[in-house]
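Enquirer: Residue-level listing of the chains:
There are 2 protein chains.
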Amino acid sequence: MKIGILGAGNVSLTIAGKLLEYENNVMISSRDLNAKKDKGVMGMLPSPKEWKEEMETKGLSAETGSFADAAEFGQVLFNCLNGVASIEVLGQIPGSTLADKILIDIANPLDFSRGMPPSLTVCNTNSLGEQIQELLPATKVVKTLNTVTASLMVNPGFLAEDHTVFLAGNDRSSKSWVETVLLREWFGWKNVIDLGTIEAARGTEMYLALWVRMMAALKISNFNIKIIKPGIQESGR
Amino acid sequence: MKIGILGAGNVSLTIAGKLLEYENNVMISSRDLNAKKDKGVMGMLPSPKEWKEEMETKGLSAETGSFADAAEFGQVLFNCLNGVASIEVLGQIPGSTLADKILIDIANPLDFSRGMPPSLTVCNTNSLGEQIQELLPATKVVKTLNTVTASLMVNPGFLAEDHTVFLAGNDRSSKSWVETVLLREWFGWKNVIDLGTIEAARGTEMYLALWVRMMAALKISNFNIKIIKPGIQESGR
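Chains A and B are the protein sequences, given in the same order.
Start counting at 1 in the first sequence, then tack on 7, and there's your number in this note's numbering.
Start counting at 1 in the second sequence, then tack on 7, and there's your number in this note's numbering.
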């Protein structure tokens, strides 16, 4: 499958690398294909061009391009841009390029302007997922994976026990493909909860306010939550 | 210990009943001690007076009074009022009555005026926990237990596995008492995470936006989340 990824940062490269393992054709995208990104303690990320060469040495066929190129290229698209940039970049791509395609929105509308921990640029009575769906009414927006760090998105088995990922979106068949093929088959998730329409993106985005504080308390970012229900004997109550 | 509970609803009665098992003297409080509450599908709650009589037939010594009575009575206080009422009621109690006492804030600032699921009346750059701490600077506000349904607050063992409860507050020794005595010894919690100052109430209150949608998807309210970390072999990474 041809998959276009909006972004070329840590989340984009992590997801692209995993998708390439399943014989997909993947294009990552950036304003500047020669720019390396400094991720602080996480080190330097390769530029898109360097990353493409690295993939080619592994025999994997990866592409690079502009945001518009990736949107045109992909049968399925990922939004891995930061929250603030998402609306601006998506608004510059012709809606017809994006029509009828699944857009998997992984972004969080984090506002770092007040320092750490970040707040959200939109929340409570709206969400980034809903804003994107409103901007692109003919696109099938599915919000998922925004509640875990990049490495866990494609390798949930790294944690000691099963844990939970959420889905929100208006189009049932798109959510079904995302759950069955992308999350379960390719990425290895076992515990997927569909929270309903894209409005439920408010829930998974606002959870970030708890996530950033758990990260600070636990001093790790590769953790997640698991839903615990009543025991088998009591589950009918 | 003498414990005053602001409120006489389901959360108040659940917590009061558990505290009475540990030889505490407990006062619940309400505007009207004769009013029963209709909890819809959960049935009718007894009036405070009926509840007191019910406890007395079990040989447990419970008290009822006004909000000011409960604030005066308790060495430790619980805010089990609804979020919208909390600031109004606490603002009418003389601050000197509340000074130096631990106030355990269980309330969530839920706004049902737009229908279900509720939004929050305050969030993102502030929280109900912070508003209460600001209103009562001499009181030791500890936010906890607001992320689970009433029955689980005092009976976490009902679920199939261990799960997590959070703490936020400015006073370390107050949080230590709440964690050690209240949560672990009396209520039976094994997994308690201290998220830091009362500012972290933003995290646990905003999580409600996810909680209400999980409740709708799971069709139960007696669930909770457990933090899952990397396996033992990888935990140093």
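To be clear, the hints were calculated from the coordinates, so they are not data collected in a lab.
The reader is advised that the hints may include incorrect statements.
Heads up, the list lumps identical chains together, so a pair's fine if it works in one copy or across two of them.
[Said to hold, decoys possible] With a Cα cut of at most 35 Å, we get these calculated DSBU-like pairs of lysine-lysine:
no.: 1; residue 1: Lys233; residue 2: Lys56
no.: 2; residue 1: Lys236; residue 2: Lys197
no.: 3; residue 1: Lys59; residue 2: Lys44
no.: 4; residue 1: Lys9; residue 2: Lys226
no.: 5; residue 1: Lys56; residue 2: Lys226
no.: 6; residue 1: Lys46; residue 2: Lys236
no.: 7; residue 1: Lys59; residue 2: Lys236
Bear in mind the structure is a predicted one, so any value in this text is a computation, not a measurement.
Enquirer: Decide, hint by hint, whether the structure agrees.
Expert: Going down the list of hints, with the structure as the test:
In the homo-oligomer, the alpha carbons of Lys233 and Lys56 never lie at most 35 Å apart, since the shortest distance is 38 Å inside one protomer and 41 Å across protomers. Within a single copy, Lys236 and Lys197 get their C-alpha atoms as close as 16 Å, and across copies as close as 16 Å, so both meet the 35 Å cut-off. Proximity of Lys59 and Lys44 under a CA criterion of 35 Å is satisfied intra-copy only: 15 Å inside one chain copy versus 65 Å between copies. In the homo-oligomer, the alpha carbons of Lys9 and Lys226 never lie at most 35 Å apart, since the shortest distance is 37 Å inside one protomer and 37 Å across protomers.
Only within a single protomer do Lys56 and Lys226 lie at most 35 Å apart by alpha-carbon distance; the minimum there is 33 Å, versus 48 Å between protomers. In this assembly of identical chains, the alpha carbons of Lys46 and Lys236 lie at most 35 Å apart only when taken from different copies (23 Å versus 38 Å within one copy). With identical chains, the CA atoms of Lys59 and Lys236 are at most 35 Å apart between copies only, with a shortest distance of 32 Å across copies and 44 Å within one.
In this structure, the earlier hints numbered 1 and 4 are contradicted, and the remaining ones agree with it.
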